[in-house]
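Taking the hints as your guide, dock the two standalone chains into a single complex.
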Amino acid sequence: MGAQRGRGDDGEIVACPDGPFLVRGNVEIVLPDGTPLPRSRRTVALCRCGLSTIKPYCDGTHKVTGFRTD
Amino acid sequence: MRIPESRGPASGVLVDLLARSGGSTPERDSLRVSVEEAIAATEDIFRDDDLQITLFLLYQLGYGGVDGGDELEWDLTLLGARAAIEAALEDGLRDRVPVPERTEPDAESVATALFSLTAEDSGPSLSRFVAKKATDEQLRELLVLRSIYALKEADPQSWAIPRLEGRAKAALVEILADEYGGGRARRMHSTIFAGAMAGLGLESDDGAYLDSAPALAVASVNVMSLFGLHRRLRGASIGLFAAYEMTSSLPNRQYGNGVRRLGYGDEVAWYFDEHVEADAVHEQIAARDMAGGLVEAEPHLLDDVLFGAAAGLTVDGWLGEDVFRAWSAGTSALRRPLPAASPEHAAQTDARDARPA
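Residue numbers (the numbering used here), protein chains in the order written: chain Y, 1 to 70; chain S, 71 to 427.
Next comes chain S alone, as it looks inside the complex (with noise of 0.2 Å):
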């Protein structure tokens, strides 16, 4: 991905750092001191664009690359600056989000508790807004917003498989293994998102829209890789995945009715369409074998389940209403506008049926 824009002075320094392919040993020891001083004054983590979005590009090392980081991906002054802003990112987790009653440490009990905690998850619903109100800016705008994951798909949720052993190992292999296209590299859900963003005149490239994406939205996928890259948080990282594979198939048949209300087909609509039907399927597996079956193996992982779950959904509630506030406004909820549609996009007309067979 290519080098996005700094946020502020940690993020400066990283991206200094990144377009001289790493600079000097003295200037890579002054990330730690400003990432140290970000954390001193930082006032709410979650909405720091600084501390964000450094800690993304420090993680993106790890994924698809940032140029001018390939040697840089294992330098322990950046691991030690990353691990700084996650214990930061994790306290504010701790202190945050409201820890779920606990259950029974059975597969069935863990079921009905994520199954009942996803329920409760209301707050404004974006996928009703947009079913029935977004302009076409909107649904650009949320396209951006859902790409920073979407784009990898998958990828943060990957790195808990050696972590893991039996009945969850399977469970979530299985629900990977969907997204990943069942072996058929068109299918994969990035790749189907990808072509939603170009059917709608969007980049796809990965990062294209890293600029415009606002804190939260950085966040929500940077608490995704905090717990995917620690053993540790193994529990939280398959909770979070089981509530969101489990708040998604009924959001995404919205989002798919909104896509088509504007005038798209099914090019756009692909990728929601999709998730309505496969979610339906993870949902099941993710709940009862993956997350499930994670606490019968190792029951003091309940907790971390449970709040691993929660944290997902506070995380992703914030940013929801954000989003809300900003539309309902009539502002934009990126953090740069996008430029104007050009005009083979910003009228929707008919040959938008050519679904990828």
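Looking at chain Y on its own, in the form it has when it is part of the complex (with noise of 0.2 Å):
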């Protein structure tokens, strides 16, 4: 994330290790019909284990699940 990347604000997703993709800039995040998911905030967790109870957002779960990336 130290890279220096110009003016550009493009979107970038962060793998977090056993937890969510985070999702910053300019990213929409839609269905598959393109309808747009509601959004709330700039930056969002994208659930990754699964067991989120507020899909496609992340609720924290993986932390006591387990869930392990690597």
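These are calculated hints, taken from the structure and not from any lab test.
A virtual CB, placed ideally from N, CA and C, is assigned to each residue, including glycine.
Some hints here could point you the wrong way.
Said to hold, decoys possible - Here are a few chain S residues that face chain Y, going by a calculated C-beta distance under 10 Å:
id : residue
1  : 150
2  : 248
3  : 320
4  : 346
5  : 348
6  : 351
As structure tokens, this is what we get:
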């Protein structure tokens, strides 16, 4: 994340170890038909463990289920 | 905020000074004497009502203010009294907070250490109790206890911004921007919390229930202000904030469940729902970029980051135990029990689904 990227505000997806994908910047999250998903904050965390109660967003459940990404 | 009631000799002097918009120089000098005597006499500064409310009011002069205190924020005598309590409070923390094991001073190791520390945060689970068993009255007490911080949510952490650089600063500001509503005042967490209080029939003016808050609930916020207002303690401020964010999303889901079980709708649940989603984001940024980024930039702050995290968890853990003990015994967890709820709010009904869009 430390790299200089110039002026563009390209989106980035951070793959958090043992946790969600953080989505930051100009990335639209849509359903298969293109409908935008409700999004109430600039940076969001997408569930990666499959057990969130607020999918597609993360609710921290991965912390109690021993989810590992490695 | 209006002037609260005094809780002993030191706060008695301060409350009198505020009531007279500052009083005379000898009167202000007597505050320092009362504070020194209270510090010498206290057996547990964290549960010392007189010292905690005194420190809270002295800090409050630099937040939203206290009636009668506009000219007192930078009064040197009051600052001296504040410094004396702060020194005693920091000594108490250094004595009693279990220091976590050191880790490597890189961002990923710091994040791992913080996730591990916050996962161990055991103790009786207030959130599970609220989800399954709490009464309407206990839910109201929970909001009163949380209101001391939540009505100024993120303010104590904001003091750290100009003390940081680079990755840690960007991360702190990214989290704070979300806490403050991302530019929309109605989405500010403090505003959403005020809405939840109103939904339970509680007043939501800052300080409305200060007299009801036990010393530990006040101490919890004082520790945040102590860390935030001293550049020397920036590592502890960041560590505490990270731990706070990292112990939020799961409990808030439980609190939200309790709110719904008791029949309240989205206008009360919104605050808790918001934190489930927001803090699942914040905790990743807080652990790795904010706390980890700070330690990478200033490796000598590693110990303070871990100390701050442990300090917040410890003090809030004590408070949680006290609340749990009181509720288990069927008594109030507050210093001043709340008046009985109005009929309108005692029984929950239907039309509570007007979540602000």
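Verification of the hints:
The restraint placing residue 150 (chain S) at the interface with chain Y is violated, with a minimum CB-CB distance near 42 Å, outside the 10 Å limit. Because the closest C-beta pair between residue 248 (chain S) and chain Y is about 5 Å apart, less than 10 Å, the hint holds. Evaluation of the residue 320 (chain S) hint against chain Y yields a held restraint, the C-beta minimum of about 5 Å falling below 10 Å. The closest approach between the C-beta of residue 346 (chain S) and any C-beta of chain Y is roughly 5 Å, which is under the 10 Å cut-off, so the hint is satisfied.
Among the interface hints, the one on residue 348 (chain S) holds; its C-beta lies about 7 Å from the nearest C-beta in chain Y, closer than the 10 Å criterion. The criterion of a C-beta within 10 Å of any C-beta in chain Y is met by residue 351 (chain S), whose closest approach is roughly 4 Å, and the hint holds.
Figure legend: structure checked against the earlier numbered hints; the only hint not met is number 1.
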